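Chemist: Sequence:
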Amino acid sequence: MKLLPLAVLVLAGATLSGCSKHSVTQCTTAPEAEWQDQSAFQAQLLAQGYKINEFKVTEGSCYEIYGFDKDDNKVEIYFNPVDGDIVKIEAH
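Numbering (this note's numbering), first residue to last: 44 to 135.
You can trust all of the hints, since none of them are fake.
Label-pair ranges, simulated between beta-carbon atoms:
| hint | residue 1 | residue 2 | range |
| --- | --- | --- | --- |
| 1 | I129 | E77 | 15 to 23 Å |
| 2 | A76 | F98 | 14 to 22 Å |
| 3 | T72 | G92 | 25 to 33 Å |
| 4 | F111 | Q81 | 16 to 24 Å |
| 5 | N96 | G127 | 17 to 25 Å |
| 6 | P74 | N116 | 29 to 37 Å |
| 7 | H65 | G92 | 28 to 36 Å |
Simulated from the structure, these hints should not be mistaken for laboratory data.
Just so it is clear, the structure is predicted and the values come from calculations on it, not from any experiment.
Quick reminder that beta carbons are idealized off the backbone N, C-alpha and C, glycines included.
Can you build the whole structure from these sequences, using the hints too?
Modeler: Shown next as structure tokens:
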């Protein structure tokens, strides 16, 4: 039976190809009209002691910063743009 090894290879390939897709951190589904103003949000973070090297809006509807937290740790942080809550932190 030569079909069994072929079926195993096809199944393994399909499984591995699904693993290669990157996952998107989703922060909100609220419309942008409900989001905090980007400049005001950044100013608020700076006042709280964050240092922002880069600020962007992600495809998952997050405000994302690359920089340093209040304790001077290098971080990448995803914020919910509606309420400002931290959704995900990656320390570097």
